[in-house]
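Next come the chains, spelled out residue by residue.
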Amino acid sequence: MASRSYEIQRFSGGRWVLDSVSDDKDVAVAMARALMESVRAPAGVRVMSCQQNDDGTFSEFTVFRASPVDEHNAEAQSRRLKVEEEVRNAREERAKDRKNDLAGEPSSKRRRFQDVILAVQLAFGIGITLTAIQMLRIALR
Amino acid sequence: MLETSADKRLVIRMLELWRRARRADGLPHGSQLMPADAGADASQLFQIDVLSPTGARFIHIGSGLHLPDWPQKPAPLVVECPEDTVLSLASRHWREIVTRRVPVTRGGLSRHLGGLVLYRSIMMPLVDDDGRIATILGAANWRMVEEHPPTSVG
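First to last, the sequence lines map onto chains V and P. For the first sequence, the working numbering begins at 22 and goes up steadily by one. For the second sequence, the working numbering begins at 217 and goes up steadily by one.
Hint data in this document are derived by calculation from the structure and do not stem from the laboratory. For each residue, glycine too, the CB sits at the ideal point set by N, CA and C. Any given hint could turn out to be false.
Claimed, not checked - Just some of the chain P residues that point at chain V, by a computed CB distance under 8 angstroms:
no.: 1; residue: Val227
no.: 2; residue: Ile228
no.: 3; residue: Leu231
no.: 4; residue: Glu232
no.: 5; residue: Arg235
no.: 6; residue: Asp241
no.: 7; residue: Val314
no.: 8; residue: Arg316
no.: 9; residue: Val318
no.: 10; residue: Pro319
no.: 11; residue: Thr321
no.: 12; residue: Arg322
no.: 13; residue: Gly323
Required output: the full structure, derived from the provided sequences and hints.
Right, here's the structure in full:
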């Protein structure tokens with residue numbers, strides 16, 4: 022029967038060095054994570070699944086990999102997803118506003134604009150009225 | 217996955233202790249890591265002298281790993297450890313640690329004193345002044361697993 026083990030390897034001195042061995046993938050990944058969080062964290066860690074086949078051959082593949090670069094990339098990816106979500110939400114909000122406009126309901130932005138126009142018109146009207154009163158007073162003197 | 221996070225924590229804690237004791241990339245010296253350094257985990261620890269001329273021997277067995285009526289004498293041989301015990305499961309592959317020169321963890325479902333248990337263990341190499349692996353520090357814990365009677369088919 023083929024036997025499988027998980028090798029925790031650390032990147033040290035420009036090469037991958039065996040650090041520890043586990044018979045369980047989850048334990049191996051936990052050990053690799055603990056190594057990355059340790060005081061003397063290496064430049065990188067990885068967990069290799071190693072299997073010895075019945076015919077005597079070996080096969081191995083990476084099941085976990087972490088390095089400060091990977092962590093930076095993961096952080097950047099998370100930031101990018103957040104920005105994408107914000108853009109999507111804003112786009113949806115705009116689409117909703119457009120839909121409301123088409124349905125005859127003024128959007129909040131448009132309503133604000135109309136309020137400003139009304140305020141300007143009122144100010145202008147009051148100004149003209151005051152000017153007219155002033156001119157009338159001058160004429161009657 | 218049957219293992220609890222508590223099973224894993226002992227292994228990770230011991231590994232961190234071992235990693236802290238190492239000098240650069242070398243293996244830790246036997247004097248740098250003693251069972252007492254494990255604090256509350258010390259009861260789950262065992263230590264094997266692999267350079268004993270008469271065969272690998274236990275030089276320390278924590279109280280949590282003691283077996284009823286065993287050992288009868290101090291420093292028993294590893295091969296004398298009663299089978300179907302977690303101590304035997306955790307220690308019998310000690311040669312792999314000497315060969316690979318790295319900590320090795322093993323676990324799974326097995327028998328301990330007649331009951332079904334889920335165990336997790338680790339063994340870590342410690343060197344002497346000449347850089348030879350002289351002792352192995354091990355740790356193991358387990359929990360009982362409920363046994364279901366076999367169901368007949370047909």
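Outcome of the hint check:
no.	hint	verdict
1	Val227	6 angstroms, holds
2	Ile228	5 angstroms, holds
3	Leu231	6 angstroms, holds
4	Glu232	6 angstroms, holds
5	Arg235	6 angstroms, holds
6	Asp241	6 angstroms, holds
7	Val314	13 angstroms, violated
8	Arg316	6 angstroms, holds
9	Val318	5 angstroms, holds
10	Pro319	4 angstroms, holds
11	Thr321	5 angstroms, holds
12	Arg322	5 angstroms, holds
13	Gly323	6 angstroms, holds
Of the numbered hints given earlier, the model fails hint 7 alone.
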